[in-house]
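Student: Sequence:
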Amino acid sequence: MVNVVIMRHGEAQALAADDRVRTLTSQGCSDVQQMAQWLANTYAAFDYVWVSPYVRTRETAELMLSSQPRSTQQHVMSELVPEGSAIQVQQQVDSLLAEQPHARVLLISHMPLVSFLVEAFTQPGQMPIFSPAALYCIDYEPSRGGKLLERNSPLELSVLALK
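Residue numbers for the sequence shown follow my numbering, so the first one is 44 and each next one is one higher.
Any given hint could turn out to be false.
Said to hold, decoys possible - If you anchor each label on the Cβ, the simulated ranges turn out as follows: (1) Leu139 - Ala57: 18 to 26 angstroms; (2) Val119 - Leu58: 31 to 39 angstroms; (3) Ala57 - Arg194: 30 to 38 angstroms; (4) Ser138 - Thr66: 18 to 26 angstroms; (5) Arg113 - Gly168: 22 to 30 angstroms; (6) Ala60 - Glu184: 37 to 45 angstroms; (7) Gly168 - Asp137: 29 to 37 angstroms; (8) Ala59 - Gln131: 33 to 41 angstroms; (9) Gln70 - Met44: 28 to 36 angstroms.
Because the hints were derived from the structure by calculation, they are not lab data.
Using N, Cα and C, we set each Cβ at its ideal position, and we do this for glycine too.
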């Protein structure tokens with residue numbers, strides 16, 4: 044069962060005076076909407092969307108939430124910034140799953156943290172490079188660790204559509 048999904052925000056503007064305020068490009072919005080639809084059609088709804096406080100991740104979260112039920116709760120987490128701690132995020136997910144074992148969580152963050160999160164939730168040495176709007180689907184239990192079940196990105200969906 045996929046209960047943890049790690050996602051990188053969609054493509055963002057290249058330049059801004061402050062990295063925290065960069066917004067999604069129109070292509071970034073389109074890619075995220077495509078991933079939101081794929082995720083909603085492929086897996087059960089999420090209970091929680093945890094997101095970085097940066098503008099581009101919050102915009103990504105809003106687009107992802109548009110394909111989720113209204114009961115899905117969004118929470119902005121300061122730990123999900125690019126230089127955040129994967130271990131701290133994992134501990135918070137572990138706490139949630141201790142209270143709600145069947146909870147499903149979508150984590151939306153940045154490079155390089157998303158790569159470190161995949162490693163923290165699966166196995167050492169597994170640190171993929173994420174393209175914008177890519178996501179990794181994990182079956183995770185705090186007591187036994189996690190297994191990467193699937194990864195997907197807008198580019199991979201485009202290739203599948205051409206076949």
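Student: Does each hint fit the structure? Answer for all of them.
Tutor: Outcome of the hint check:
At about 35 angstroms, the beta-carbon gap between Leu139 and Ala57 misses the expected band of 18 to 26 angstroms. Look at Val119 against Leu58: about 24 angstroms separates their beta carbons, and that is not inside 31 to 39 angstroms. Between Ala57 and Arg194 the C-beta distance comes to about 25 angstroms, which lies outside the given range of 30 to 38 angstroms. Hint check: Ser138 to Thr66, Cβ distance near 32 angstroms, so the stated range 18 to 26 angstroms is violated.
Checked against the given bound of 22 to 30 angstroms, the beta carbons of Arg113 and Gly168, roughly 39 angstroms apart, lie outside it. For Ala60 and Glu184, the hinted distance range of 37 to 45 angstroms is satisfied, since their beta carbons lie about 43 angstroms from each other. Against the hinted window of 29 to 37 angstroms, the Cβ-Cβ separation of Gly168 and Asp137 comes to about 21 angstroms, which falls outside the hint. Range check, Ala59 to Gln131: Cβ separation about 26 angstroms, and the 33 to 41 angstroms hint is violated.
Between Gln70 and Met44 the Cβ separation comes to about 32 angstroms, which falls inside the hinted range of 28 to 36 angstroms.
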